[in-house]
Amino acid sequence: MTAFVVIDHVDQVFPLPNGQSYIALKNINLEIRKGEFVSLLGHSGCGKSTLLNIIAGLAQPAAGGVLLEGRQVTKPGPDRMVVFQNYSLLPWLTVRQNIALAVDEVMKHLPAQERRDIVEQHIDMVKLRQAADKTPGKLSGGMKQRVSIARALAIRPKLLLLDEPFGALDALTRSGLQDQLIQIAQEHHLTCIMVTHDVDEALLLSDRIVMLTNGPESYIGQIIDVPFERPRERMAVVNHPNYYALRSEIVYFLNQQKKAKQRKVKQAAIARNGLEKINLEIGFVPLTDCAPLVVAKEMGFFQKHGLEEVTLSREPSWKAIAEGVTSKRLDAAQMVAGMPLALTLGMGGKVPTPVVTGVVLSRNGNAITLSKRLYDEGVRNLADLKGALAAAPDRVHTMATVHPASMHNLILRYWLASADIDPDQDMHLTVIPPPQMVATLKAGNIDGFCAGEPWNTHAIKENIGFVIAHDLDLWIGHPEKVLGVREDWANQYPQTHLALVKALLEACEYCDDRRNRPQIAELLAKPEYVGAELEYIRAGFLDPYDRGDGKPPEQLLRFNQFHIDITNCPSRAEGLWILTQLARWGITPFPRNWIEILDRVRRMDVYGEAARQLDFPDLEPNREPFALFDGTVFDPDDPIGYLNSLRIKREIRIEEIDIDHPAIVVAA
Amino acid sequence: MQTLSNINVQLNDAPLDQDAFLVIDNVSKVYPTPSGPHVVLDGVNLSVREGEFVCIIGHSGCGKSTLLDMVSGFRQPTEGQVRLQSEPIVKPGPDRMVVFQNYSLLPWFTAFENIYLGIDSVWPDKPKAEKEAIARDHLALVGLAEAADKKPKQLSGGMKQRVCIARALALRPQVLILDEPFGALDPITREELQEELLKIWTEHQVTVLMITHDIDEALLLADRLVMMTNGPAAKVGEILEISFPRPRNRSRVMESPLYYELRNYALDFLYRRCAHDDVE
Chain A
18 MTAFVVIDHV DQVFPLPNGQ SYIALKNINL EIRKGEFVSL LGHSGCGKST LLNIIAGLAQ
78 PAAGGVLLEG RQVTKPGPDR MVVFQNYSLL PWLTVRQNIA LAVDEVMKHL PAQERRDIVE
138 QHIDMVKLRQ AADKTPGKLS GGMKQRVSIA RALAIRPKLL LLDEPFGALD ALTRSGLQDQ
198 LIQIAQEHHL TCIMVTHDVD EALLLSDRIV MLTNGPESYI GQIIDVPFER PRERMAVVNH
258 PNYYALRSEI VYFLNQQKKA KQRKVKQAAI ARNGLEKINL EIGFVPLTDC APLVVAKEMG
318 FFQKHGLEEV TLSREPSWKA IAEGVTSKRL DAAQMVAGMP LALTLGMGGK VPTPVVTGVV
378 LSRNGNAITL SKRLYDEGVR NLADLKGALA AAPDRVHTMA TVHPASMHNL ILRYWLASAD
438 IDPDQDMHLT VIPPPQMVAT LKAGNIDGFC AGEPWNTHAI KENIGFVIAH DLDLWIGHPE
498 KVLGVREDWA NQYPQTHLAL VKALLEACEY CDDRRNRPQI AELLAKPEYV GAELEYIRAG
558 FLDPYDRGDG KPPEQLLRFN QFHIDITNCP SRAEGLWILT QLARWGITPF PRNWIEILDR
618 VRRMDVYGEA ARQLDFPDLE PNREPFALFD GTVFDPDDPI GYLNSLRIKR EIRIEEIDID
678 HPAIVVAA
Chain B
27 MQTLSNINVQ LNDAPLDQDA FLVIDNVSKV YPTPSGPHVV LDGVNLSVRE GEFVCIIGHS
87 GCGKSTLLDM VSGFRQPTEG QVRLQSEPIV KPGPDRMVVF QNYSLLPWFT AFENIYLGID
147 SVWPDKPKAE KEAIARDHLA LVGLAEAADK KPKQLSGGMK QRVCIARALA LRPQVLILDE
207 PFGALDPITR EELQEELLKI WTEHQVTVLM ITHDIDEALL LADRLVMMTN GPAAKVGEIL
267 EISFPRPRNR SRVMESPLYY ELRNYALDFL YRRCAHDDVE
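Residue numbers (the numbering used here), protein chains in the order written: chain A, 18 to 685; chain B, 27 to 306.
For the record, the hints were derived by calculation from the structure and aren't laboratory data.
Every residue gets a Cβ at the ideal spot worked out from N, C-alpha and C, and that includes glycine.
Each hint should be verified, as a subset may be incorrect.
Unchecked claim - Chain A regions said to be covered by chain B (calculated; three or more residues, Cβ under 8 angstroms):
hint: 1; stretch: 246-260
hint: 2; stretch: 452-462
To be verified - Simulated restraints, written as ranges between beta carbons of each label pair:
hint: 3; chain 1: B; residue 1: Pro273; chain 2: A; residue 2: Thr343; range: 32 to 38 angstroms
hint: 4; chain 1: A; residue 1: Gly317; chain 2: B; residue 2: Lys177; range: 50 to 56 angstroms
hint: 5; chain 1: A; residue 1: Gly317; chain 2: B; residue 2: Ser112; range: 57 to 63 angstroms
hint: 6; chain 1: B; residue 1: Gly69; chain 2: A; residue 2: Glu204; range: 39 to 45 angstroms
hint: 7; chain 1: A; residue 1: His445; chain 2: B; residue 2: Glu267; range: 31 to 37 angstroms
Could you build the full structure based on these sequences and the hints that come with them?
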């Protein structure tokens, strides 16, 4: 399909008075389909209006160009109408005359009566019949903006360009106009490009949100697909299970940009203590099992191993963690176990970024929580859940996990499939950051989730859910969180990497001494770390675990496992199981060269060296077949045979993955 | 008080605390027009505790500004009474300072002089040095010590609004009235000023009444959010209790499950139950 609008490698450069030049936009590349609504979002000065002006033909790019239906845009024209923030109506003309002026100018070829009909029709479209004979001075801001929208649409543009159209209006008046714009855009199948800095506005109106980085040299930082069904209605959009997840993703992007603006210069590496870099920024997600990082920082293990300036960066989601490490904003991060493999394989059609792990930071710690509604319908176990799904075939049951490459997703899917529930056909699975699980469950927008603590306990204490299964029911001792760093980072800073793994190994050992746990729980409860009630953090970590199903709480000594039983070894067999599951659900292809991939990603050499230097055993567990709760045996010598034997799966792609020379992905 | 899970909502038929710090007691405002009386506000009841931060939200034409004008003393109620510490409010006074959206600084005076002017008119007998010290302290409070000698047109919108807040606080008001103070600012400056206001409010322990159109702003700042019904004849629809612990931090507030519940509740009130179209 050919795109309707093509923005082809556009640069914009402005000369400065001192003879130098300011590069506003750098290499903007974007294709827009007919009928699509695209928002350009970014802070002031990010060049979004500059880009809109280029599309409008009001300015010419320094390099590249814009095509509308295959023709290059070189000047303004009535096929692209712009609505500006400041209305730009002629003050001495009435509403009707303002619209008629444009229609008479552009549609000279039409008979006068027909032109008059068009004007009247557009007055009605924006519901200004009562005000048709008023001049702009007698209209409210919202009404004036409706006149400019009517004027723009009356001459039937192919493309409607909106430059912060509602920016001058208060939030509530704005909402009325947004509702009207959605309706008009839907009825008339308009193609729209809107510049805005209002996140809610962008989510409500757009099919895609294009986020620009700060200038100079702004580029497209991220594009968000907005999945809400159309026709849209404000409250239905706000209640969509992904609304707040998307909203916080955008807010997070904007905040990162805001911080970048304030920071400007990223701190250079400081070499000291025989290490290449002792100033590290390490990402974590607020969960009980971030304990090893918090302990390494607070109990001085980083310091002991020469890492004198470690900052722990509290990240809102696993997606932010992945972005932070691949974009080099973070030196290292706590990651869900499958993330280094998934990033290395180029999950989601992205360019593969080799990421390695030299230490597993924790095992177990997750649970599957279902809503109280399902409990009240009598659901107590997986078979009951299957029955409940069968009993309500018209109802879409939605469950959330925290990231596609997380054990939460892989184990939840495995668990459902073990009972012949196809997680993609019999249910709807979605991704929501851990801190938003409870609110989303409470709002009734999801029916359950799989996440770590303290979120299951939080749902139970709020009496909105119960734990139907936890990790000790499913796979005792599965790898859960790992340390992830980019492979090029590990190669650039090998001694630093080793010191980091050593510090974390000692921190993990400290975490598994139960005498230390009351103190660790208090550290975790602090607002800069998990920031939850102490009682929620202690559940499972220290105190008996309450499943919220009326049974007495149980003491689960291995619910959070940080060191015992070779916890910290990034064993390859477990990595291989993860690869099979990523392939099973179509998240990544299965690499034919899995041995090479596992060798590169699961850094047994770094783990072994760190363990030996600390006098810990450096053993890898025996390479033998293992099974989860359902007894299906996984044989690490025959992953493909295992994949073939699975009943419920997606189409499995088996590919040679060359991570040093990634194939250039050609968009279909 | 009605409890919906975690959300505490006070409905408009709740009894009024007659002895509160600030009491808006059954206030109505009616304007005569050629086509008969126009009722702007119809029986508004609200009591505010000392040191409380209250935000008021409602669609345009709901009479929020009219209501605050009766607290500041610029207008008088047609019926009912507004009382501050049991004293009826009959005229404007330095115990109730107002900050408007459009800054209203005197353009020919510097930032310092704008603040000094207010201090000088309230305390003409204080020694000059003391008055100057108060002005300087309050400029420093809003982070503008460096800009003391600049005139308004040399200041950005955010800086001008800071001067207005400093000018108002310099007079040690008991009630600070803010009429959509950040409406004209860009989002980043707006967030910065919200955080600054929060800090100042915490330090000064002043009672704040603030009009906003921004639910997120109210959720960050306020102890309670007063949601008005649509005009004409507007009244208090519901009052939402915002119980996030203080001191508050934007990202912590946004990650609380309660945030989404409160936000959706307020959205539902404004966009469904009190849906509004500005077409006359």
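Hint-by-hint comparison with the structure:
1. 246-260: Held - the stretch 246-260 of chain A has 4 residues with a Cβ nearer than 8 angstroms to chain B, which meets the minimum of three.
2. 452-462: holds (count 7)
3. Pro273(B) <-> Thr343(A): 32 to 38 angstroms: Given about 34 angstroms between the Cβ atoms, the range holds.
4. Gly317(A) <-> Lys177(B): 50 to 56 angstroms: 53 angstroms, holds
5. Gly317(A) <-> Ser112(B): 57 to 63 angstroms: 58 angstroms, holds
6. Gly69(B) <-> Glu204(A): 39 to 45 angstroms: Because 42 angstroms falls inside the window, the suggested range holds.
7. His445(A) <-> Glu267(B): 31 to 37 angstroms: 34 angstroms, holds
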